[in-house]
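> Each chain, letter by letter, is given below.
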Amino acid sequence: MTIFEMARSLRARKVSSAELVQAALDCAERLQPRLNAFLTVMADSARAQAREADAELARGVDRGPLHGIPIAVKDLFCTRGVRTTNGSRIFADFVPDYDAAVIERLSAAGAVLIGKTGQHELAYGITSTNPHFGAVRNPWNPECVPGGSSGGSGAAVGAGIVPMAMGSDTGGSIRIPAAYCGTVGLKPTYGRVSKYGALPLGFSLDHMGPLTRSVRDSAAVLNVLAGPDSRDACCSAKPSEDYVPPEGASVRGTRIGVPENFYFEHVDPSVEEAVRRHLRTAEQLGAVLVPIRVPDVDALNTISRVLLFAEASAAMQKYMDRRDEIGPDVRALLDQGRLVPATDYVNAQRLRTVFRRDFGRVWQKVDCFATPATPTSAPRIGQTTTTAGGFTADVRLMATRFVRGINVLGWPALAAPCGLDSSGMPVSLQLVGRPFDEAGILRAGAALEDATGFHRLQPALPDD
Amino acid sequence: MAGAEERQEPAVGLADAARCPAMIRCLLKMKNWKEIALASDVGLSDADVDRIAPGLDALEQAFRPLAATLSFEVEPAVVFRAGEGEE
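Protein chains in written order, with the numbering used here: chain A, 807 to 1270; chain B, 255 to 341.
The shape of chain B in the complex, shown without the other chains (with noise of 0.2 Å):
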């Protein structure tokens, strides 16, 4: 049987992953951004999304941590009230 409890980390280490980016993303959990922008259809070209992805990967890693700690109470800092200034 072979259930998720039982699916182990890949076989693999650094070095081997060193060699390939796509692995070094697995690993990291990290987002394909080539497959973000193709599905989004954006647009972009493997270059224009290989020039943005540093700075987008950076950015991930900062904000994933902080939007882990949001209790489902917090509302959004935008407002939206439904009557007022209608006529």
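The following block holds chain A by itself, in its conformation from the complex (with noise of 0.2 Å):
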């Protein structure tokens, strides 16, 4: 069920809160074995916040459409008296004396936190192939890893436990796990959500974001996190708006852009041909698919390579005694970026504002483009490298191509499936937006959705 489809059974009395985030509990539970989504349960004030919720609704006080909903968090939040590992060992005792930004306005209003996800170990990696805690694995297909870095997210989600969980992205981590595991991943402009109270990685390219079982969902969710917070000397004074896309929302004009280079390269056939029937799809529905050509994508994703290096070896500097307890593949991007000159990092962020006064010329003929979200769907947990179209990368690249540039952009961008490859799995279509633009790739994604409901399709769990 969607948080939508939840809320409404909530106010005509067909389920409690109670009930719904004792299922979430349960179905947790007994498909932990199989996904290991969760890091820790939070069982007992989940069950608190549950009733509490119902006696808040019985009295007549509606926090709106999250009020009494089941949902997760990435293990990267602060939670007061929770510990907060951030999938490493470093972390693993680390219990917060206070609440994330995003803790404190999902708890405001209303949603039961029943959980913390599993994630890549510092949020630094696409697979969620966590040495200390265990490997997340991919609800549609358990070989496979679910994406990263917050792929407990994407498990819990794909996997209908909870309706919403909460995620992180520095260079795809919504994104990424939202494709491979079948669900909607948003990641707001930067700005737009306060990162106040997430661990940080990049502290320019972090964006913390929903991933959900739809696009509406998402946009529910945005309406709660999205606002100014003094906190975060990054988050925007822009006030939000409405971000959920009424009813029979179209598309109809919607000028999308459709790159003629890049996004269309080295892209595995069948997630190729899922991506250009939903634009077909799109384009019946009345939007207008203009071609475009857009900046060296490589150089954009080079560049944030040399940012996120730097300012991940930065955050991390004061642990790196503690390196041994780092695993192998974290290890060797932090001492990477521990080698990185002081002139690159300036220079890359010089060649940022190149890149996105160049790139922002592409606002003047589209409303919003789309390429897939990944090139490929979930690979296998312990592949190294990935094949797409005759090209062959590390997994950790391959799955970023697409993703990466967009957090050095800065820029709104939506993750929603549009399908399943030849071999069964989720593939995603990718909305970039103009910056504070989310109304305007929700509303596109919505419609897109009700035209097809690719985010019905579910996968086969046991005890279905």
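These are calculated hints, taken from the structure and not from any lab test. Mixed in with the good hints, there may be bad ones.
As the list claims (entries may be wrong) - Simulated DEER-style distance windows between Cβ atoms:
#1 B:SER299 / A:ALA898: 22 to 28 Å
#2 B:ASP311 / A:TYR1125: 22 to 28 Å
#3 B:THR323 / A:GLU1079: 33 to 39 Å
#4 B:VAL328 / A:SER851: 49 to 55 Å
#5 A:ARG1058 / B:VAL328: 39 to 45 Å
#6 A:ARG1086 / B:GLN315: 38 to 44 Å
#7 A:ARG1099 / B:THR323: 14 to 20 Å
#8 A:SER815 / B:ALA301: 56 to 62 Å
#9 B:ALA301 / A:PHE900: 28 to 34 Å
#10 B:ASP311 / A:ARG817: 55 to 61 Å
#11 B:ARG318 / A:GLN1264: 46 to 52 Å
#12 A:LEU1203 / B:ARG318: 17 to 23 Å
#13 B:ASP311 / A:GLU1047: 45 to 51 Å
#14 A:SER815 / B:GLU329: 48 to 54 Å
Small disclaimer: the values here were computed from a predicted structure and weren't measured. Where a beta carbon is used, it is the ideal one built from N, C-alpha and C, also for glycine.
Quick one: dock chain against chain with the hints and give me the complex.
The following block contains the structure:
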């Protein structure tokens, strides 16, 4: 069920929050051996919150669509009194004494936190094959990765344990697990959602956002999360708006850019077919497909790597005397960052200025542009390279090809299911919007979702 | 007189260089990451550096030409606003 379906059932007294939460807890427990989606389950506090939510609704206190809805969050969001591991042994016993801004806002909206999800160590990778807490597995095929770094959130939503789990996205870490697990993933504009209390990976690249079962659910969560926060210096003062697309949302007249270069190169043929079919549907619904050429995205991705190397290694520098406690893949990335000169970091930030200006010219022609979210569907656990369209690359570089550059630009991006590939795994379309035009990509995404119903695709799981 | 303008490229070919990784790095103007790691005092062993050097070399090759395109007036995309938000 989606958030809105649960919310309707709650208000129709067909179900209680206590029942929804208990069902989520039962499902999480039943699927944990198969998926390893959770690092911490908060059963007692969740049941108590659910009872309170039910009591409030009975008294006529209605906090909105998230009221009484079971949710989960990635384990890098600080939760007062609950350990926050960031998927790392270094933080294994870290118990914050405050809540992240995201937790505060979700709690104020009445959402019920049932647990904290597994992730790639320190959010620095895309497999969520964690050396300390075990591999998180894909609900569509447990031999495959769920993506990352918000892999547990992708698995929990993809499996239907919860209708929403929070993720963070520094170079695709919301959109990749959303794509691999068949969920919707929203990376808002940089500064739209406060980063306060989220353990950092790349200060200028980190974005917080939801993974959900529908586009409208992501919009409802953004309604709760968006807004100024003086505790995050990067958080925008721009007022938020109502992001939920209306019933019957339309793409008629929306100019959707379809890149002629880069984004459809080296793509698995069945992924490309699904994405292009989805775009034809958009056209049939009245959207105007506009061929565009984009600046050198390989260069943009290189800039992203320099920025992330330097920022992540700076963030973790004080812990590097414990580098032996960090898994080999993340340790290698952190070690590389320690050798990036300061001049390269500054020049990468200067190149960012150039690319934001040059890439921004697309907005003269289109309202948003569409790409595959990932060039392939989920690789297998332990797989080191992936091949797509005759091009072979490291799984991390392949998975991030179409998403990480968008973090350098800071623009909003939505990943939404658009079918299955030849192996029966989910495929995802990425819609990238103008800065702070989350409403535009959510409206287009909702119209496509209404027309195709791909968000209803679900994996076959035991005891279904 | 041995002025800089008279300096010649090393009289070695790639076949010679292939027997000596240090020579390859010199010929290709690549960085010596082991020396950089040592000078930076980051506590990386030679084995650590050997593991990450290919990635760093690849990043260098991709990034150096990009950085060379920057003109002096381009500011970094990080903004410092003196005074704003201060008491």
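> Decide, hint by hint, whether the structure agrees.
Hint check:
no., hint, verdict
1, B:SER299 / A:ALA898: 22 to 28 Å, "25 Å, holds"
2, B:ASP311 / A:TYR1125: 22 to 28 Å, "26 Å, holds"
3, B:THR323 / A:GLU1079: 33 to 39 Å, "37 Å, holds"
4, B:VAL328 / A:SER851: 49 to 55 Å, "50 Å, holds"
5, A:ARG1058 / B:VAL328: 39 to 45 Å, "40 Å, holds"
6, A:ARG1086 / B:GLN315: 38 to 44 Å, "39 Å, holds"
7, A:ARG1099 / B:THR323: 14 to 20 Å, "19 Å, holds"
8, A:SER815 / B:ALA301: 56 to 62 Å, "58 Å, holds"
9, B:ALA301 / A:PHE900: 28 to 34 Å, "30 Å, holds"
10, B:ASP311 / A:ARG817: 55 to 61 Å, "60 Å, holds"
11, B:ARG318 / A:GLN1264: 46 to 52 Å, "48 Å, holds"
12, A:LEU1203 / B:ARG318: 17 to 23 Å, "19 Å, holds"
13, B:ASP311 / A:GLU1047: 45 to 51 Å, "47 Å, holds"
14, A:SER815 / B:GLU329: 48 to 54 Å, "53 Å, holds"
This entry satisfies every hint, going by the numbered hints stated previously.
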